[in-house]
Amino acid sequence: GENVEQHPSTLSVQEGDSAVIKCTYSDSASNYFPWYKQELGKRPQLIIDIRSNVGEKKDQRIAVTLNKTAKHFSLHITETQPEDSAVYFCAVRTGTASKLTFGTGTRLQVTL
Amino acid sequence: EPEVTQTPSHQVTQMGQEVILRCVPISNHLYFYWYRQILGQKVEFLVSFYNNEISEKSEIFDDQFSVERPDGSNFTLKIRSTKLEDSAMYFCASSVLSPLGGGELFFGEGSRLTVL
Numbered sequence: 001g002e003n004v005e006q007h008p009s010t011l012s013v014q015e016g017d018s019a020v021i022k023c024t025y026s027d028s029a030s031n032y033f034p035w036y037k038q039e040l041g042k043r044p045q046l047i048i049d050i051r052s053n054v055g056e057k058k059d060q061r062i063a064v065t066l067n068k069t070a071k072h073f074s075l076h077i078t079e080t081q082p083e084d085s086a087v088y089f090c091a092v093r094t095g096t097a098s099k100l101t102f103g104t105g106t107r108l109q110v111t112l
Numbered sequence: 001e002p003e004v005t006q007t008p009s010h011q012v013t014q015m016g017q018e019v020i021l022r023c024v025p026i027s028n029h030l031y032f033y034w035y036r037q038i039l040g041q042k043v044e045f046l047v048s049f050y051n052n053e054i055s056e057k058s059e060i061f062d063d064q065f066s067v068e069r070p071d072g073s074n075f076t077l078k079i080r081s082t083k084l085e086d087s088a089m090y091f092c093a094s095s096v097l098s099p100l101g102g103g104e105l106f107f108g109e110g111s112r113l114t115v116l
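Residue numbers (my numbering), protein chains in the order written: chain A, 1 to 112; chain B, 1 to 116.
Don't read these hints as lab results, they were simulated from the structure. One thing to keep in mind: the hints can contain errors.
[What the hints assert, rightly or not] Under 8 Å between C-beta atoms, here's a sample of chain A residues computed to sit facing chain B:
1) 19
2) 46
3) 97
4) 98
5) 99
6) 100
7) 101
8) 102
9) 103
10) 109
[What the hints assert, rightly or not] In the DMTMM-like style, the derived pairs of lysine to aspartate or glutamate whose C-alpha atoms are separated by at most 25 Å in a straight line are:
11) B/83 x B/44
12) B/42 x A/84
13) B/42 x A/83
14) B/42 x A/2
Cβ coordinates follow ideal geometry from the N, Cα and C atoms, glycine included.
Excised from the complex, chain A in its bound form (with noise of 0.2 Å):
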């Protein structure tokens, strides 16, 4: 099955600097890649996705970049604000499977 790794397991930022966590996938017939942000004690949820047609996308402080040929993708986080402190997961779907595979998850914390 697919197999996702994230890294790091923790990361912690001053408030304004960039935060970056990236996540590795085994399968290349993966095709949709979201990413979670899950406070503690709270339901996981989305902030932004990609798939596996696009390299890029951005929202507002928010960004994923994907490369399918080095079965990639990353969370790019700018101008970090203590409220960003939370867990991250990534994500993965493969071919035409309904699951997600989650990544083990990233503890950020962000001081001001």
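Take the given structure of chain A and dock chain B to it, following the hints.
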């Protein structure tokens, strides 16, 4: 904004007992899912459901698990005989479009199951 709702928010049960977790997906959604998250770990897929049948399930979803859509609004996950390792947060999710159609998943707030 419509939301996926789940009950109970927390359930404590004894090992070997049956548990039913309930979900009300967003009303116009057609695809339903259960995921689970053991404390501090990643979210894991359990099962997907469409047109009143299971469309995909993971290795975790063994014979102890079952899902049902008993009426037009509820979607339930039953664990027949709970084990200690079933302790986790269980998330229901739904989407309006098929996975191939780009269906964004909307998650509920989760049901925390504690098996003693």
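Hints, verified against the model:
no., hint, result
1, 19, "19 Å, violated"
2, 46, "6 Å, holds"
3, 97, "6 Å, holds"
4, 98, "4 Å, holds"
5, 99, "4 Å, holds"
6, 100, "6 Å, holds"
7, 101, "7 Å, holds"
8, 102, "4 Å, holds"
9, 103, "6 Å, holds"
10, 109, "16 Å, violated"
11, B/83 x B/44, "17 Å, holds"
12, B/42 x A/84, "19 Å, holds"
13, B/42 x A/83, "21 Å, holds"
14, B/42 x A/2, "14 Å, holds"
Of the numbered hints listed earlier, those contradicted by the structure are 1 and 10.
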